[in-house]
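Chains as they are written, first to last, in my numbering: chain A, 61 to 213; chain B, 26 to 286; chain C, -11 to 778.
Note that these hints are calculated values from the structure, not bench results. For clarity, every value in this text was computed on a predicted model and none was experimentally measured. Just so you know, even glycine gets a beta-carbon here, dropped at the ideal spot from N, CA and C. Heads up, a few of these hints could be off.
Each computed EDC-like pair below joins lysine to aspartate or glutamate, with the alpha-carbon atoms no more than 20 Å apart [stated by the list, open to error]:
#1 C/-4 / A/208
#2 C/646 / A/208
#3 C/649 / A/182
Cβ-to-Cβ under 7 Å is the rule here; a few derived chain A residues that face chain C [said to hold, decoys possible]:
#4 69
#5 94
#6 95
#7 146
#8 162
#9 193
#10 199
#11 200
These are the residues of each chain, in order.
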Amino acid sequence: MAVINITVNGIKISKEIADNTILSDFLRDDLALTGTHIGCDTSQCGACVVHLNGNSIKSCTALVADCDRSEITTIEGLATNGKLHPMQEAFKKNHGLQCGFCTPGMVMSAVDLLKKNKNPSEQEIRDWLEGNICRCTGYQGIVAAVKDAASKM
Amino acid sequence: MKSFNFKSATNTKEAVKLISGRATFLAGGMTLLPAIKLRLAAYSDLINIKKIKGLSGIKVSSKSLRIGSTTTHAEVAASKEVGKSISSLAILAEGIGDPQVRNRGTIGGSIANNDPAADYPSACLALNATIHTSKRKISADKFFTGMFETDLKKGELVESIEFEVPEKSSYAKFPNPASRYALVGVYVAKLKKEVRVAVTGVESCVFRCKKLEDALSSNFSSSAIDNVNISSKGFNADIHASAEYRAHIIKVMAKKAVSSC
Amino acid sequence: MANLVGAKIERKEDKKFLTGKGRYTADINLPKQTYAYFVRSPHARAKITKLDHSKAMKAPGVIDVFTGDCVAKDKIGGLICGWKIVSQDGKDMKCPPHPVLAKDSVNFVGDHVAVVVAETLEQAKNAAELVNVSYKVQRAVTRTDEATKFENIHEGIDNNLSFDFLLGDKGKTDEAFSKADKIVKLDVVNNRLIPNAMEPRAAIGDYNTSSDELTLYTASQNPHLDRLIMSAFNAVHPEHKFRIVSPDVGGGFGSKINVYAEDVVVAYASKKIGRPVKWVAERSESFMSDNHGRDHVTHAELAVNNEGKITGIKVDTIANLGAYSLVLAAVTPTYLYAPLLLGIYDIPTACCTVKGVYTNTAPTDAYRGAGRPEATYVIERIVTEAAKEIGMDQAEFRKKNFIQKFPHQQCLVHNIDSGDYNAHLDKAIELADYKNFENRRSQSAKKGKLRGIGFSTYFEACGVAPSAVVMSIGSGVGLWESAEVRFNATGNVSVFTGAHSHGQSHDTTFAQIVGDKLGVAIENIDIVHGDTDKGPFGMGTYGSRSLAVGGTAIVNACDKIIAKGKKVAAKMLEGKPEDIDFKAGEFILKNSNKKKTIGEIAFACYLPGTFGDVNSPLPEGVEPGLIETSFFDPSNFSFPSGSHICEVEVDEETGETKLVKYTVVDDFGTVINPLIVEGQVYGGVAQGVGQALYENAHYDESGQLTSASYMDYTMPRADNFPQMTLDYTCTPATSNPLGAKGCGEAGTIAAPAAVMNAVIDAVGTDVQMPATAEKVWKALKKNGSKKAAA
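Sequences are here, hints too, so could you generate the full structure?
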């Protein structure tokens, strides 16, 4: 057990946690931020993607202890003052989601892409989303949404 | 997840000292953490080495490129220095896992784990790398000893990997369609003194392909590969590819690598 | 307000999902909750010789451990087959016992043996390792084509044959074949798939010891059916004291239709310990224990005459049911499959046999398309081969054999009410630029790639379906659907549907229908589903039925609201009900400017009085309130159809196939929301492409599932697809007032044949699904490719 200091969606948190606590479990169980989903056990589906100090990571494969003094952004922290992030808007407009389960990870991953590449080509978008599996959309609406968001951000 | 203690080391000495009993080093954790979660491995202590100053970073000279062990794949992929001195290495890094894995996974973690289908071990062999550890220098030729096994002794920490800057080099990967690891990965490098060809994904451990090296040493062109006969004996066979297919793909990837050198 | 139907409207449900506020079963945590972890069989086939859980019982945090003996003692019933098939000899299909926790034997890797309930998940997992099960391992059979030759895996089920089904006229078909100018033969394997909804299954049992009420939260496509089955067959709890909630569900694709052992066990365990019991599948458990799909081995023959007309079809299929027979396991490869083998062609006679066999593999059941993708694959592959063999253009050959007049009674089962097959094929050919395909083939050749083109002109029978019909052929329930429309006093509307949305977008499409019908703004309409305590009994969502059947129930309930509203309006406007028109939310007295809005009428219905006036606005005999319920039982299935044209490029050296162009023109009848329909088609095609090129559930000879994670089971990813082209034609369905036909499964049904026809066109010889790089490479080599052999 150790006390960790972590900022989640702009809120500073100081909490004693077990050393083996996985970030996704901490977000879901301790902070009730259940928008971060668990879809697999081999770090491949991407439903759990959050940002750690601005970079997208798979929160199912990170220890909270390892994120001490870090900043985490989850899907719950993306909209500001009730206004959807342009990526969220674009997913809505382009029907980039159906069942919604992969969506938080997909959106967080896509936001990171546009941070690193402001105007990605369709192929670059598809390549970047390699770590996010969606079973509903055939990725068509998702790719369209990312393109759309890029044009507006 | 089974319990363990998490300890962060601030320098190499401390890290090494903390290794006792069932303890191990934690770098990116991209393989280690899923293995613990799936109960395929259990440890008493995970020693975090990412806070150790000097273990991360890229240094380049005219002859060699040295990458600190906790440098992430994303950092290698985006590095201008790497791109200039050994661009094939940056391309390799860009093709490891997915963006989230690249943001966390490290070169040291990858080679210490020595997954039979990992990409970096092939780069180490082909680029005649020297592995600098907390104890010694190990040549890549001696470092990778078997499936998930290396020459590292208990408590020995990889500090950096020093690659020889080649005249030409390229890595061609035929990914496993599911995991996106290398089903076959071929790293070809024309070094000052020799041509090296390393193959990953094909046997229980990365290896140098002597036949391809010989063919390319006398004629560094993809046509030189045409007449090389690769035996599939001892090659991996699984639901994704037979040994025979892997043998065929080695040639195709080797040609691809040579032509994009 | 009008014309919501047909408009591209953004989804009402999106905001919660996009902000992380969806509420899936795993997101629910209850006070005093405990955690369940299942002990599963590591063997494909074994006798349980001893089960000792005494050590586990003493482990830290353990509350209880339940085994097959416990559930047997408490008379918890086994899992059922919900739709039974009769063999051609008139005998009922054979179903082995399927206890929720194994008692004497296990029959597939992942079979549930015991459950540990503990204070934390970690404690439950640790204790599960202490449950000592002794197995006497037996030889296992996994291959579909070997099952009937293997020793009996279930007592009393000879040759592992559950049923031997026959549909069609054997005599007449044999005669047609004896007169045929040409007989085209084809052997195909329909590979086993794992549905892989992104939300793993989850269930929480919550028993209230004082009120005797049991609540089960579960990721289900059909909570009412679950409750019915768990009450009537599993004897978990009486239906009136049993509530099932399926909150947000992260994809189903058929894999969340069944009542699973885990559902029954957590409900049972909660009753036993008096605390909530939560179970969430790990992905590896999903791979092992969710129902799988497909898994057929088929021989087909097509009789053709010299003019290019198809004169008959014969199909013999072996369908792998897995270890047990699940709810729709038997109907899927029979009635949902065999009638569809005719495709959209006017074929005078047909004969199809299906042997349903048991093996030591995970049970199979409905997976998106359920029977129809398998059938479409057979007919669309063999039609393509036939065109090739007689030297006709494949589009021309199809057109020559298309059904042209509607309604059309097919020679097997279906009476197709409407369609225009030439229309969608012509449109697809144009959009796909078929005429210039050979140019593109040459362009690809210059890059060293082999390009191929494939067609799939499909139809499907969906909107399941007329209750009397389905029950006459073995269904355990009628497949009507319910709706309740509550027009609230304050002018907004709550709609309760028996359908269930787990990605289908009912919150939006159903609201569009109601908005148009009642003249209410879409934001003032709420669609409620997924809770047996809220709406009337409903059948749930599968078989592309929600709009055609569930949507119609909503329309009918709205009509009842309007009819009642007219009576009330008539009194308030001092006219006769027959003189009241209803339009865009207003009741208008004919030939006058007197009108009342539907909101005013609703207000009057709930508050039938005014201060100082004792006259009710309600006519005599009209009850207060404005709530109407409808149960709709359709007169027929609905029959969407369409044309898919696929182009692939094959790397001749590696055998790797890349999808480069995909065109779809569908006839779904009336389209409520094109944005949503496009999404359904894209997603469906992706799953079909997955089957054709990537996905395969693989068991080794000992019965181990070797593709039990995303490391080995190839899920299609974003980089596997090009941008697709989509369009529509429209012939409205006549079996429902909306004219809707259903769109949820179409992509998955059509795509495998389109893709494989393209691959085979490129390669020049037969390849079985999935067309992995190695398989294609081997086919190329066999076909004499020098590059592949190099």
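Between residue 649 of chain C and residue 182 of chain A, is the straight-line Cα distance small enough, at 20 Å or below? Holds, at about 15 Å.
Mind checking the CB of residue 200 of chain A against every CB in chain C and telling me if the closest is under 7 Å? The hint holds - residue 200 of chain A has a Cβ within 7 Å of chain C, the shortest such distance being about 4 Å.
Using the nearest Cβ pair, does residue 146 of chain A come within less than 7 Å of chain C? 12 Å, violated
Given residue 199 of chain A as an interface hint, is the shortest Cβ-Cβ distance to chain C below 7 Å? This interface hint holds because 4 Å falls under the 7 Å limit.
Closest C-beta approach of residue 69 of chain A to chain C relative to 7 Å, hint status: 10 Å, violated
Decide if the proposed pair is consistent with the structure: residue 646 of chain C and residue 208 of chain A, CA atoms, cutoff 20 Å inclusive. Violated. Residue 646 of chain C to residue 208 of chain A sits at ~26 Å, over the 20 Å cutoff.
Chain C contact restraint on residue 193 of chain A - CB to CB distance below 7 Å: At about 5 Å, which falls below the 7 Å cut-off, the nearest Cβ of chain C leaves the hint on residue 193 of chain A intact, so it holds.
Assess, step by step, whether the Cα of residue -4 of chain C is no farther than 20 Å from the Cα of residue 208 of chain A, and give holds or violated. Judged against 20 Å, a Cα distance of about 17 Å means the pair holds.
Going by Cβ atoms only, is residue 162 of chain A closer than 7 Å to chain C? 5 Å, holds
Using 7 Å as the Cβ threshold, decide whether residue 94 of chain A counts as touching chain C. 4 Å, holds
Should the hint that residue 95 of chain A touches chain C count as held when the rule is a Cβ pair under 7 Å? 2 Å, holds
Taken one by one, the earlier hints fail for this structure at numbers 2, 4 and 7, listed in ascending order.
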